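Visitor: Each chain is listed here by its residues.
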Amino acid sequence: MHICQVVGKVVSTLKNEKLVGLSLVLVRTVQLSSKKDPIFGNDIQVAVDLIGCGTNDFVIVTSGHNANLVCANKAPIDLSIVGIIDSGLDGLQL
Amino acid sequence: MHICQVVGKVVSTLKNEKLVGLSLVLVRTVQLSSKKDPIFGNDIQVAVDLIGCGTNDFVIVTSGHNANLVCANKAPIDLSIVGIIDSGLDGLQL
Amino acid sequence: MHICQVVGKVVSTLKNEKLVGLSLVLVRTVQLSSKKDPIFGNDIQVAVDLIGCGTNDFVIVTSGHNANLVCANKAPIDLSIVGIIDSGLDGLQL
Amino acid sequence: MHICQVVGKVVSTLKNEKLVGLSLVLVRTVQLSSKKDPIFGNDIQVAVDLIGCGTNDFVIVTSGHNANLVCANKAPIDLSIVGIIDSGLDGLQL
Amino acid sequence: MHICQVVGKVVSTLKNEKLVGLSLVLVRTVQLSSKKDPIFGNDIQVAVDLIGCGTNDFVIVTSGHNANLVCANKAPIDLSIVGIIDSGLDGLQL
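Protein chains in written order, with the numbering used here: chain A, 10 to 103; chain B, 10 to 103; chain C, 10 to 103; chain D, 10 to 103; chain E, 10 to 103.
Everything labelled a hint here was simulated from the structure, so no lab data went into it. Computed from a predicted structure; not experimentally measured. You may find that some hints are simply not true.
[Claimed, not checked] The calculated PhoX-like cross-link candidates involving lysine-lysine, where the alpha carbons are at most 25 Å apart (straight line), are:
| # | chain 1 | residue 1 | chain 2 | residue 2 |
| --- | --- | --- | --- | --- |
| 1 | B | 27 | A | 83 |
| 2 | A | 83 | A | 27 |
| 3 | A | 18 | D | 18 |
| 4 | C | 27 | B | 27 |
| 5 | B | 83 | B | 27 |
| 6 | D | 27 | E | 27 |
| 7 | A | 27 | D | 83 |
| 8 | D | 83 | D | 18 |
| 9 | E | 83 | A | 83 |
| 10 | B | 83 | A | 18 |
| 11 | D | 27 | D | 83 |
| 12 | A | 83 | D | 18 |
| 13 | C | 27 | E | 27 |
| 14 | D | 83 | E | 83 |
| 15 | B | 27 | C | 83 |
| 16 | C | 27 | C | 83 |
| 17 | B | 83 | A | 27 |
| 18 | C | 18 | C | 83 |
| 19 | B | 27 | A | 27 |
| 20 | E | 83 | D | 27 |
| 21 | B | 18 | B | 83 |
| 22 | D | 83 | E | 27 |
| 23 | E | 83 | C | 83 |
| 24 | E | 27 | E | 83 |
| 25 | D | 83 | C | 83 |
| 26 | A | 83 | C | 83 |
| 27 | C | 27 | E | 83 |
| 28 | D | 18 | A | 27 |
| 29 | A | 18 | A | 83 |
| 30 | C | 27 | B | 18 |
| 31 | E | 27 | C | 83 |
| 32 | E | 18 | E | 83 |
Start from the sequences, fold in the hints, and give me the full structure.
Guide: Here it is as structure tokens:
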């Protein structure tokens, strides 16, 4: 799973019916390294958040087919937040 | 899910039978950033649109296996539009 | 789905039994743009063709899990041609 | 499957219920080559480890849908460790 | 499917039980082109080989979810060899 940072929310009124009620947040990839400064990806994606993340939170995201295993229905999504990171990134440059 | 912009339609007469009746639109990836100007990907892809998007709309697209969860049949597709973006991109450079 | 151009065929005698009888063609990715000249990807891949494409045809290809929905059996493939493009690319630099 | 090196652990208290009890480790991609020095990817990802890897171990990781076949439940994960490498990388620059 | 070249074998004693008995080979991506010299990817991956490939063979590999359709059990793998290439690459720079 990739590590991302939450940077905002997105609003979509006209959408697939299975996405109704799902919180859609904007996330950007965080590239960590033990050698270099972190690189924030400039490709911002949309993820489903059923955990309740806040802006600036560092989160674990699952992509692809298994992303919709966080939902009860088979929603047509490919990215979802599965955890908020507490620690473990300290030894690395965040 | 990636954020894309609709840039046109594509016509295919000779195609897989499960794609008959599905609207096929051309989309290009939009890379947003809080630091840099947006970058429009020069890789234009084909997405299924069951929502009814117009050219220039900014949309949320789902890729991979779950893309065909927007269809009733199990169509051999890997990209579909699941929502039109109303707002949320304002704080970012669109 | 990506847009590709058919550039040849490939022959494989020793292969998985579920691939027997499936036409295997070589395709290269076509990157279109409204701003730049097209870029032909130099990464040539192998796709299953059950439509009957000819060399130089521009085609729509589906990748990943759903690629084998064009077959009756569950073949271990990850790329298949789902349509030949008639038009829609005119406004873009092909 | 990609070859990765384990570089640490990550702690997440607030997470999807299906991830409870799964060990989450940080891994970075190792690019081997018979011609060049190895390149350590600066994109550190989170993988599920049910094997019991130690830091610095070189491991085989499976990504995507099949990653959760290591679990009994259908966890929303997309990366898991499936083996620790004993040998075979000797002829290549590790 | 991508075209790869087999470059060796890898040994893993401590691994997921569903991988026991599966031959694990190292492969590197081959990028063909009708215009440029071939480029050998410096990212070497691990693939399951149930066909019996030899070192230096050019093979067709399937990635992702469908990779484990070559196995009887649902193994947690994401890359497998599905065919050895006889010919078809002649017109291209191999």
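Visitor: Look at each hint and say if it fits the structure.
Guide: Status of each hint after checking the structure:
Among the hinted pairs, residue 27 (chain B) with residue 83 (chain A) is consistent with the structure: their alpha-carbon atoms are about 20 Å apart, no more than 25 Å. Taking the CA atoms of residue 83 (chain A) and residue 27 (chain A), the gap is near 8 Å; set against the 25 Å cutoff, the hint holds. Taken as a hint, the residue 18 (chain A) and residue 18 (chain D) pair is broken in the structure, with Cα atoms around 29 Å apart against an allowance of 25 Å. Under the criterion of a C-alpha separation no larger than 25 Å, the hint pairing residue 27 (chain C) with residue 27 (chain B) is consistent with the structure, at around 21 Å.
Proposed proximity of residue 83 (chain B) and residue 27 (chain B) is supported: the alpha carbons are some 8 Å apart, at most 25 Å. A threshold of 25 Å between alpha carbons decides the hint, and for residue 27 (chain D) with residue 27 (chain E) the separation of about 21 Å falls inside it, so the pair holds. At roughly 20 Å between alpha-carbon atoms, residue 27 (chain A) and residue 83 (chain D) fall within 25 Å of each other, so this suggested pair holds. Of the pairs offered as hints, the one joining residue 83 (chain D) and residue 18 (chain D) holds, with about 22 Å between alpha carbons and a cut-off of 25 Å not exceeded.
Between residue 83 (chain E) and residue 83 (chain A) the alpha-carbon distance is near 21 Å, which keeps this suggested pair within the 25 Å criterion. Simply put, residue 83 (chain B) and residue 18 (chain A) have alpha-carbon atoms about 31 Å apart, too far for the 25 Å limit, and the pair is violated. With a C-alpha separation of about 8 Å, the suggested pair residue 27 (chain D) and residue 83 (chain D) falls inside the 25 Å cut-off, and the hint holds. Proposed proximity of residue 83 (chain A) and residue 18 (chain D) is contradicted: the alpha carbons are some 31 Å apart, above 25 Å.
Simply put, residue 27 (chain C) and residue 27 (chain E) have alpha-carbon atoms about 21 Å apart, close enough for the 25 Å limit, and the pair holds. Distance hint between residue 83 (chain D) and residue 83 (chain E) is fulfilled; the C-alpha atoms sit about 13 Å from each other, no more than 25 Å. For the proposed pair residue 27 (chain B) and residue 83 (chain C), the alpha carbon gap of about 17 Å is at most 25 Å, so the pair holds. Only pairs whose Cα atoms come within 25 Å are accepted, and residue 27 (chain C) paired with residue 83 (chain C) is accepted, the gap being roughly 8 Å.
Of the supplied pair hints, the one linking residue 83 (chain B) and residue 27 (chain A) holds, its CA atoms being roughly 17 Å apart against a limit of 25 Å. Proposed proximity of residue 18 (chain C) and residue 83 (chain C) is supported: the alpha carbons are some 22 Å apart, at most 25 Å. Only pairs whose Cα atoms come within 25 Å are accepted, and residue 27 (chain B) paired with residue 27 (chain A) is accepted, the gap being roughly 21 Å. About 20 Å separates the Cα atoms of residue 83 (chain E) and residue 27 (chain D), which keeps this hinted pair within 25 Å; it holds.
Distance check on the hinted pair: residue 18 (chain B) and residue 83 (chain B) sit about 22 Å apart at the alpha-carbon level, within 25 Å; holds. Only pairs whose Cα atoms come within 25 Å are accepted, and residue 83 (chain D) paired with residue 27 (chain E) is accepted, the gap being roughly 17 Å. A distance of roughly 13 Å separates the Cα atoms of residue 83 (chain E) and residue 83 (chain C); the hinted pair therefore holds under the 25 Å criterion. Proposed proximity of residue 27 (chain E) and residue 83 (chain E) is supported: the alpha carbons are some 8 Å apart, at most 25 Å.
Of the pairs offered as hints, the one joining residue 83 (chain D) and residue 83 (chain C) holds, with about 21 Å between alpha carbons and a cut-off of 25 Å not exceeded. For the hint pairing residue 83 (chain A) with residue 83 (chain C), the CA-to-CA distance comes to about 21 Å; that is within 25 Å, so the pair holds. Between residue 27 (chain C) and residue 83 (chain E) the CA atoms are separated by roughly 17 Å; this keeps the pair inside 25 Å, and the hint holds. With a CA separation close to 35 Å, the supplied pair residue 18 (chain D) and residue 27 (chain A) exceeds the 25 Å bound.
Simply put, residue 18 (chain A) and residue 83 (chain A) have alpha-carbon atoms about 22 Å apart, close enough for the 25 Å limit, and the pair holds. The straight-line distance between the Cα atoms of residue 27 (chain C) and residue 18 (chain B) is roughly 35 Å, outside the 25 Å bound, and the hint therefore fails. Taking the CA atoms of residue 27 (chain E) and residue 83 (chain C), the gap is about 20 Å. The hint holds against a cut of 25 Å. Distance hint between residue 18 (chain E) and residue 83 (chain E) is fulfilled; the C-alpha atoms sit about 22 Å from each other, no more than 25 Å.
Hint compliance for this structure: hints 3, 10, 12, 28, 30 are broken, all remaining hints hold.
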